[in-house]
Amino acid sequence: MSQYIPVPVEIVDIDIESPNTYLITLEVPEEVHFSYKPGQFVMVSVFGLGECPISITSSPTRKALQLCIRRAGRITNGIMDSRVGDVLGMRGPFGNGFPLEQMQKNILIAGGGSGFATLRSLVNYIVDRRSAFGDVAVAYGARTARDLYFMQEYEGWQKAGIDVGITVDIGDESWKGNVGLVTGLLDKLRLSKGSAAICGPPIMINSVADKLMEKGFARCDIYVSMERHMKCGVGKCEHCMIGPHHACQDGPVFSYDKVKSVL
Amino acid sequence: MEKVHTTCIYCGCGCGLILHVEDGRVMGASPSPLHPMSRGRLCIKGWLAGEFVNHPDRLRHPLVRDGERFVRATWEEALSFTAASLKAIGQEFGADGVGVLTSAKGTNEENYLLMKLARAGLKTNNVDHVARLCHAPTVAALSYAFGSGAMTDSISSLARSDAILIVGSNTTEQHPLVASYILQARANGAKLIVVDPRKTQLAKLADLHLRPRPGTDIAWINALLHVIIRESLHDKEFIDARTDGFEAVRQAVSSCTPDWAGAISGIEKGDLEKAARIFGSAEKGAVVYAMGITQHTVGTDNVQALANLVLATGNIGREGTGLCPLRGHQNVQGACDMGALPDLYCGYQKVQLSRQRFEQAWGTELPDRPGLTALEMLSAAEEGKLRGLFIVGENPMMSYPDSGRVRKALDCLEFLAVCDIFPTETTELADVILPAASFAEKDGTFTSTERRIQRIRRALDPPGEARPEIEIASDLLQRLGVPADYASAAEVMEEISTLSAQYGGVHYDRLGVNGLQWPCPSRNHPGTGTLHAESFPIGRARFRAVEHREPHEMADGEYPLTLSTGRSLYHFHTGTMTRRTSLLDREVPTPVVDISPEDAKLLQIRGGQTVIVETRRGSIRLEARVTDSMPKGNIFVPIHFCEAPANALTAQTLDPQSKIPEYKVSAARIRRA
Amino acid sequence: MRAFLPGDRLKSLLTALGTHMDVVAPQLVEGAVVFASWKGQEIALQENSLLPPLEFLLPQRDVLFRYTQDSGRYSFVEPSAKFRLIFGIRSCDLCAVAALDKIFGSAPADHPYFDKRRSTVLVALNCTRPGENCFCSSSGSGPECQDLFDLLLTEIRDGYLAETGSPAGIMILKEHPDLFLDAQESHLAEKRDVLRNANSALPVREERSAANVRVAMEKADWDALGLQCLNCGSCTFVCPVCHCFSIFDAGVPDGERLRCRDTCLLSGFSRMAGGANPRISQGERLHNWYLDKFEYIPQKTGLAGCVGCGRCSRVCLAQMDRWSLEVGR
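From first to last, the protein sequence lines stand for chains A, B and C.
For the first sequence, this note's numbering gives the first residue as 1, with consecutive numbering after it.
For the second sequence, this note's numbering gives the first residue as 1, with consecutive numbering after it.
For the third sequence, this note's numbering gives the first residue as 1, with consecutive numbering after it.
Hints in this document: simulated from the structure, not taken from any laboratory.
These numbers come from a predicted model, not from an experiment.
Among the hints, a few may not be true.
Straight-line C-alpha distance at most 25 Å; calculated DMTMM-like pairs for lysine to aspartate or glutamate [unchecked claim]:
#, chain 1, residue 1, chain 2, residue 2
1, B, Lys284, B, Glu359
2, C, Lys116, B, Glu22
3, B, Lys204, B, Asp628
4, B, Lys408, B, Asp431
5, C, Lys82, C, Asp70
6, C, Lys39, B, Asp23
7, B, Lys199, B, Glu237
8, C, Lys219, C, Glu295
9, A, Lys260, C, Glu326
10, B, Lys204, B, Glu268
11, C, Lys11, B, Glu2
12, A, Lys258, C, Glu218
13, B, Lys199, C, Asp223
14, B, Lys123, B, Asp96
15, C, Lys300, A, Asp250
16, C, Lys39, B, Asp461
17, B, Lys204, C, Asp221
18, B, Lys204, C, Asp223
19, A, Lys260, C, Glu295
20, B, Lys204, C, Glu326
21, B, Lys199, C, Glu284
22, B, Lys632, B, Glu558
23, C, Lys11, B, Asp23
24, B, Lys199, C, Glu295
25, A, Lys258, C, Glu284
26, A, Lys37, A, Glu10
27, C, Lys82, C, Asp8
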């Protein structure tokens with residue numbers, strides 16, 4: 001059977017993360033053996049509208065398969081217009097995921113905006129396998145407090161011994177936390193030299209990477225989850241190429257030195 | 001897989017196209033290597049030309065209105081209802097109570113039969129099509145100036161020009177094959193002068209880019225003439241031998257100095273003089289123009305001004321020279337040639353003068369007075385004078401100006417029949433919808449902007465019960481008592497060739513990959529590449545002095561920006577075909593309004609923000625794009641998007657001579673949503 | 001195995017083969033050589049087609065599957081490939097097939113491509129009459145076919161020398177013994193002569209070698225080239241190695257998921273949701289097209305990304321010099 005034929009998946013839960021973002025939980029048919037690693041993605045179909053790549057935001061250590069959908073175009077709008085019980089299509093998992101075997105025990109996770117959805121998979125994986133890791137910190141920033149995802153989980157992460165720093169670009173009366181860039185958080189967190197996983201807009205990635213290297217992180221230990229337009233997910237359609245690499249197979253997680261020139 | 005040679009459906013370039021058909025579906029397309037103009041090349045739309053043909057939205061069955069919905073009808077029901085309704089209205093309100101709007105996307109044969117339907121069947125000269133909205137000024141002005149309203153040379157001859165003046169044409173986006181030849185000339189050393197308020201791709205490649213205030217073209221063209229005459233660059237020999245009326249023009253432009261023109265148009269005096277010298281001293285100069293010249297209340301005068309320019313410099317009748325109107329639709333030239341016009345029969349024969357000839361040919365009495373133009377028909381509908389309309393392959397709700405008013409007019413009609421391949425904003429309002437065959441599903445001919453008459457060939461069957469329009473028109477003609485028993489499109493062309501001198505020698509057995517360029521008066525005639533080489537159809541060409549007049553609706557305190565509407569490379573007109581083509585839709589999925597950085601800053605608008613564009617007619621919501629290709633004080637809205645229809649904003653102010661609306665200048669304002 | 005096919009029996013062979021598969025052969029449509037289903041027309045071998053026969057392995061538009069919805073549940077039907085024989089494919093295009101086999105064969109192997117590939121018999125033709133724009137010898141991809149054919153024909157006096165390249169080719173010879181004659185030494189000698197002549201007829205186009213193009217790429221003013229590009233996509237659509245595609249749905253609630261040929265020269269190709277575009281200028285996109293052909297494909301597959309067919313320069317709307325990459329004016 002062609003690798004282009006999706007598996008039908010049912011939406012079993014929808015949570016509103018922010019005004020334009022839903023957290024959806026999908027049920028994969030029993031006969032389909034679906035296992036994945038943090039940092040991988042799937043191609044989601046809305047039949048009649050098409051397919052688009054969405055990072056898996058849940059951790060494979062937990063039962064629920066979750067995706068974070070943000071309104072960005074026709075297909076994501078189509079997903080957002082769906083209801084619990086509706087059937088979507090799914091192909092995957094695709095991509096290399098975070099290279100946990102190569103990464104150090106100390107981990108810094110830095111996310112900007114909707115890019116954090118990818119990183120949550122890694123955060124919850126670490127929470128569930130906490131003893132396998134050392135000093136772990138999370139630095140996450142969004143535009144405003146309303147745009148922050150997964151707010152109900154921050155406390156749980158702190159309790160799991162992860163140093164969590166949250167910031168917004170623009171504060172308001174309801175927000176009592178940090179206002180400023182993600183790079184600013186790096187000075188406030190308990191950062192131990194190790195590996196970093198970053199996802200967000202190119203400017204944010206570069207400034208965070210620079211700061212981390214100042215603090216002694218090795219360039220080859222800094223990993224970036226790259227966003228690219230994707231269609232096939234299997235390295236054939238050539239849309240997602242970053243230089244000679246396919247973001248869907250050689251990525252989306254790349255070491256910083258490999259992708260610095262295109263950021 | 002079968003491969004069928006045909007002609008592209010999109011623009012007036014008229015590229016050869018090979019359609020790939022498998023299992024009754026168009027699965028691809030490729031260029032025609034031996035085509036005399038396209039020579040194995042296509043633009044992105046051409047490569048994808050077959051995709052919309054098998055789209056699930058295709059109309060498949062005749063539909064008749066039942067209250068708010070449409071129900072399926074048989075062809076017999078739909079056609080008899082249509083014929084009876086139009087006939088009844090004619091009987092009650094007079095023949096001029098009905099009208100026919102034909103399709104510039106239809107074949108020559110269809111256009112001929114539809115205008116015959118209007119005249120011989122319905123006894124009205126109320127027949128028109130969208131040339132009214134694009135090159136009606138060309139037909140009017142050049143009929144007067146040259147005796148023939150078409151491009152005077154072949155497209156390929158542009159490669160041999162020494163200087164090309166491109167005015168009001170975003171050629172790389174609207175007519176890519178023409179642009180290819182212009183760029184060839186440029187590579188060979190020709191000088192390009194681009195005149196366009198926007199900094200288009202061609203402008204960036206030009207030697208000189210002049211940016212006039214929209215609607216001030218007569219001023220700077222007259223100033224060019226002024227400089228050319230002042231510096232004795234005009235072709236006295238040619239003027240004396242082949243033209244009349246130069247003196248009046250010389251007088252008229254004597255006061256049109258570059259300073260004066262600069263004050264009106266905003267073009268630098270030095271640039272005007274430079275342009276005049278480049279064009280005036282060129283051995284072979286050509287002028288290429290499109291909507292930026294025609295879509296004004298002074299459109300006809302604009303074209304005459306350009307005609308004055310080429311006549312004064314003797315740039316006509318030789319390869320590499322000429323006046324080149326770029327026709328938009330792939331068969332708007334043909335629709336004009338076929339006389340789908342209220343005042344002309346096929347062959348540009350005037351309705352008052354040639355009536356007897358056609359009465360004889362068609363064996364029936366014909367109406368004697370010229371009919372109404374398209375927008376006049378809509379006004380007449382508003383006034384209750386026009387009550388029935390048959391619209392074929394056109395979408396006036398989207399393409400005509402002031403769509404609010406268009407809606408009102410169409411709502412006033414007692415009977416509206418619309419024939420199309422897809423449901424549109426116009427079919428929504430119809431009483432009868434007739435499903436038509438697309439260009440891939442019928443035989444016929446198209447005539448490109450370089451007057452090349454070319455075959456299209458039926459490559460697959462139309463979907464469902466859809467039919468070619470010559471069958472629909474023939475059926476209606478017969479129901480109205482006019483014999484119309486044509487076995488094929490070829491037979492229709494045989495009839496056309498007996499009635500139109502330009503098509504006299506056009507027979508299907510002669511139409512190979514080269515087609516035939518008119519005039520082609522007889523079977524042995526090879527067709528004509530360059531017009532007016534020896535003489536003009538009127539003998540000597542005519543100069544006519546034209547004067548600058550301000551556009552109708554200028555920017556003011558309430559509406560401080562000047563709005564122009566226009567096209568994109570990736571889409572075609574009302575988007576019914578291109579928005580159903582995957583890659584084209586992917587390239588430009590949504591409308592944007594182009595705004596200059598200065599205006600964006602003033603209005604605190606960022607690129608990507610949703611804004612509201614308003615004029616006195618209406619408003620639309622769309623995304624803003626800040627680009628330095630727009631001059632300060634101007635905004636640009638594309639015409640392809642029904643969710644933000646540009647024509648909700650434009651006005652029905654017409655050029656008194658050609659009745660074209662002033663799409664290119666409206667007063668507008670813009671604010672954040 | 002070898003045999004000789006007299007010229008006047010070619011049509012009979014194709015007719016016989018056409019009884020159990022769709023035979024695609026080059027024929028004339030309005031004077032142009034095109035590959036289409038053969039129904040007895042004159043076979044046109046005077047030059048290669050403008051559109052490569054690779055379109056039968058990677059169609060411009062292809063149905064990946066049909067989806068039908070029933071009470072919210074979907075079922076999918078995948079079309080199966082037609083049995084086809086492509087007659088007259090030349091060396092340059094065969095080298096492109098080799099490249100696509102490698103590219104689509106990298107894990108996970110592309111099912112729709114290989115379904116067609118396995119169902120297609122390739123009867124190749126040694127190119128004895130190279131075209132004006134051809135430079136296969138400078139790219140190492142012709143004029144002689146080396147590999148991948150099921151049967152290879154070389155046009156010699158009075159007919160064709162036929163050489164098998166696979167079991168399928170052997171089957172063709174074995175199943176039509178009445179059409180083929182024994183191959184003689186003289187036939188082989190003729191083949192060598194004919195190919196030697198073809199090689200010398202091919203203009204030596206050193207500037208079109210991959211090495212020289214790479215040099216040109218270093219020096220090229222991509223911005224200036226990008227300014228001239230007219231976004232037609234023609235170079236991609238006529239290139240036998242180009243294979244970029246996009247996936248689109250047509251039809252709600254029932255419909256088809258289609259795979260359509262795409263081109264990296266269009267802005268939307270790399271544009272992401274939200275509007276950001278890693279290749280924002282036409283110059284960068286043009287540069288990427290060249291990098292893919294002259295660097296990335298050779299690196300990944302060990303095969304040439306350009307087979308020297310010259311089609312891109314024939315169809316470029318901007319008339320770019322596709323090898324020197326110099327901006328005229």
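Results for each hint:
no.	hint	verdict
1	B:Lys284 - B:Glu359	violated (45 Å)
2	C:Lys116 - B:Glu22	holds (15 Å)
3	B:Lys204 - B:Asp628	holds (12 Å)
4	B:Lys408 - B:Asp431	holds (15 Å)
5	C:Lys82 - C:Asp70	violated (29 Å)
6	C:Lys39 - B:Asp23	holds (15 Å)
7	B:Lys199 - B:Glu237	violated (37 Å)
8	C:Lys219 - C:Glu295	holds (16 Å)
9	A:Lys260 - C:Glu326	violated (30 Å)
10	B:Lys204 - B:Glu268	holds (18 Å)
11	C:Lys11 - B:Glu2	holds (18 Å)
12	A:Lys258 - C:Glu218	holds (21 Å)
13	B:Lys199 - C:Asp223	holds (17 Å)
14	B:Lys123 - B:Asp96	holds (8 Å)
15	C:Lys300 - A:Asp250	holds (13 Å)
16	C:Lys39 - B:Asp461	holds (20 Å)
17	B:Lys204 - C:Asp221	holds (16 Å)
18	B:Lys204 - C:Asp223	holds (12 Å)
19	A:Lys260 - C:Glu295	holds (20 Å)
20	B:Lys204 - C:Glu326	holds (18 Å)
21	B:Lys199 - C:Glu284	holds (21 Å)
22	B:Lys632 - B:Glu558	holds (17 Å)
23	C:Lys11 - B:Asp23	holds (24 Å)
24	B:Lys199 - C:Glu295	violated (35 Å)
25	A:Lys258 - C:Glu284	holds (19 Å)
26	A:Lys37 - A:Glu10	holds (21 Å)
27	C:Lys82 - C:Asp8	violated (28 Å)
Violated hints, listed in ascending order, are 1, 5, 7, 9, 24 and 27; each of the other numbered hints is respected by the structure.
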